[in-house]
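**Student:** Turn these sequences into a full structure, and let the hints steer you where they fit.
Quick note: the sequence shown, position 215, residue 215 per the working numbering, numbers continuous.
Keep in mind the hints are simulated off the structure, nothing from the lab. Because the structure is a prediction, the values reported are computed rather than measured. Don't be surprised by glycine CBs; every beta carbon is placed ideally from N, CA and C. All the pointers check out, no bait thrown in.
Derived BS3-like pairs (lysine-lysine); straight-line CA-CA distance at most 25 Å:
hint, residue 1, residue 2
1, 107, 307
2, 49, 107
3, 107, 45
Ranges of calculated distance between the beta carbons of each label pair, as one might list FRET restraints:
hint, residue 1, residue 2, range
4, 283, 133, 34 to 40 Å
5, 273, 192, 25 to 31 Å
6, 53, 218, 34 to 40 Å
7, 168, 27, 28 to 34 Å
8, 32, 294, 36 to 42 Å
9, 287, 203, 19 to 25 Å
10, 26, 220, 24 to 30 Å
11, 29, 79, 25 to 31 Å
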Amino acid sequence: MEAARDWVVDMFKEHVDVLTTDTTVAAATVFAVVVLLILVPFGAKFMVKGFSCVIFFEGILLLLFPEIAFKIFAAENVEPDVLHLQEIRSLGIIDIAIGMTFFLTMKSTDSTVHSSYFFSMTLLTGCCLMMEAAALSKKNPKVNPNMRNLAVHNLLIWFGLFVFHSMRQQDWGGYVEVSTSCRNTHLRLDFVIWFLTGLAAVIYPQIIYSCQVVSSFTLDATHAQNARLMGVGFIALAFMSGRASNFLREDDKKAVLLSHALACVLLLVTMGLNQILTTSFTVWHAAFGMTTVFLTLVNAILGSDPKQLARNAKQQLSKLVPVKQD
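**Tutor:** As structure tokens, this is what we get:
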């Protein structure tokens, strides 16, 4: 499996120059505009399904092949370090969690769920657009300007789409809390953790990273930019948790917590592997960073009804492996 992954990465590196030329970027921009013209007439539901599919599979690719993502956006002869790769994996995990939230709630009859998703994505794309545009003006020599231009153009298109459809949403509020369980408490805790973590990553990226990596590790503007993008992603996840307290259906609340639990599991695995296999991360990274993610995972699992999840898993397994009757 590792050999196959390395083969894909090596093959891509040989052709990365072709994919980042001015002509390729111009063609990709035209393609993005064509996609925009196709998506708008079909309405909000079609658009958000397409966006969620793209962001979900993008997340999987970022998680599995962070080196490829780095090579696409990095300048020539710039090599990634372990922190760059972990940042890219974390961005992929956020994308997966966002996609999972949509897929688990797409059939909901509660209009508040759908409007909340639109508002969350408007926040995400808008903040990412501002950060990428600001970074583009600073001209970081370690970043390929062609690909950053493409990122700004694509974010501008998606931001415009989400603003347009968000303004057309009829339900901007929510329902009075009617939950008889402790699920709303779990949602509030989930909101506080994701929001404060995201806020800290956006405002103080260098301070956070200086605590996570050893003193000999070199931090640059690319690390800070990735940290801010991660922070915006965390805030978008927090927005869904905050709005979920006013969802009408308990299943929709559980879906939000379940998607966030998946994100925590993937973060724990990648953080743990980095802690074990590299010498770049400090004890603080494990003692505080991984502990915070673990507690967030426990909170999300408890709020998503683990007994019901176990029963559903058992039913699905019984369908896959039928029991022989005597």
